[in-house]
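Chemist: Throughout the sequence shown, residue numbering follows mature numbering (1 follows the signal peptide of the UniProt record, and there is no 0), covering -20 to -1, 1 to 167 in sequence.
These aren't lab readings, by the way, just hints derived from the structure by calculation.
Treat the hints with care, as some may be off.
SDA-like mimics (lysine to any residue), calculated; alpha carbons at most 25 Å apart, straight line [unchecked claim]: (1) LYS128 - VAL83; (2) LYS128 - GLN96; (3) LYS128 - GLY141; (4) LYS128 - SER15; (5) LYS128 - PRO34; (6) LYS128 - GLU154; (7) LYS128 - ILE97; (8) LYS128 - THR143; (9) LYS128 - ALA89; (10) LYS128 - ASP90; (11) LYS128 - LEU51.
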Amino acid sequence: MARLAALVSVGVLPAACASAPPATFNLDSAASGFSAKQARRGQIAIAAPTALPPVDSNRIVVRVGEDQIALLTGAAWADQLPALLQAKLIATFQNASLIRAVVAPGMSADYELRSQIRRFEYVAGRGAVFVEISAQIVGGAGRIVAGKIFSATAPAPANDGATIVAALNAATAEVMRQIVRWTAPQI
């Protein structure tokens, strides 16, 4: 009973209990705040991030315990989360103007950026969100040039969809800036 009360208090219940269509959210526009004084070089293809369910979906994940997750009721992403993150990452690289060309997979490029969404969630007990993405730069013949894990947190002072998504947008923008700043010098 206490667990049910905790889930209701953060607006989380199994999807089967939801009756109204969820509010849909998108990730904000691409991160900015880059200095374009660095030389533009190389071409990179940005692959769609991989993720395990339920992150690989349009649902917003809520961590309710160390090993327990739930889905936020009344809120969903406008598309599958990996597709939204790929679009935001491409736009962030383009806005940074630190690499000569940023393309989608399948186009000719010197390198490919592959990533995995490790965490993308609201942590109910902390009133904060946590975003963690692992990235690898892959060169010719599939050779891994470099890899790194990037993470950021942001406060989510209320547990409603709009507040949680705003916090996820802030943390995601920080992770995107970290990825671009790390990738550009290696291309």
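Chemist: Look at each hint and say if it fits the structure.
Modeler: To see whether the hints hold, each was checked on the structure:
1. LYS128 - VAL83: Within the cut-off at roughly 21 Å; holds.
2. LYS128 - GLN96: holds (11 Å)
3. LYS128 - GLY141: The given pair, whose Cα atoms are some 30 Å apart, is violated under the 25 Å limit.
4. LYS128 - SER15: Since the Cα atoms of LYS128 and SER15 sit roughly 22 Å apart, the hinted pair holds (cutoff 25 Å).
5. LYS128 - PRO34: holds (23 Å)
6. LYS128 - GLU154: holds (15 Å)
7. LYS128 - ILE97: This hinted pair holds, its Cα atoms lying about 12 Å apart.
8. LYS128 - THR143: violated (29 Å)
9. LYS128 - ALA89: holds (21 Å)
10. LYS128 - ASP90: It holds: about 19 Å lies between the C-alpha atoms, which stays within 25 Å.
11. LYS128 - LEU51: violated (28 Å)
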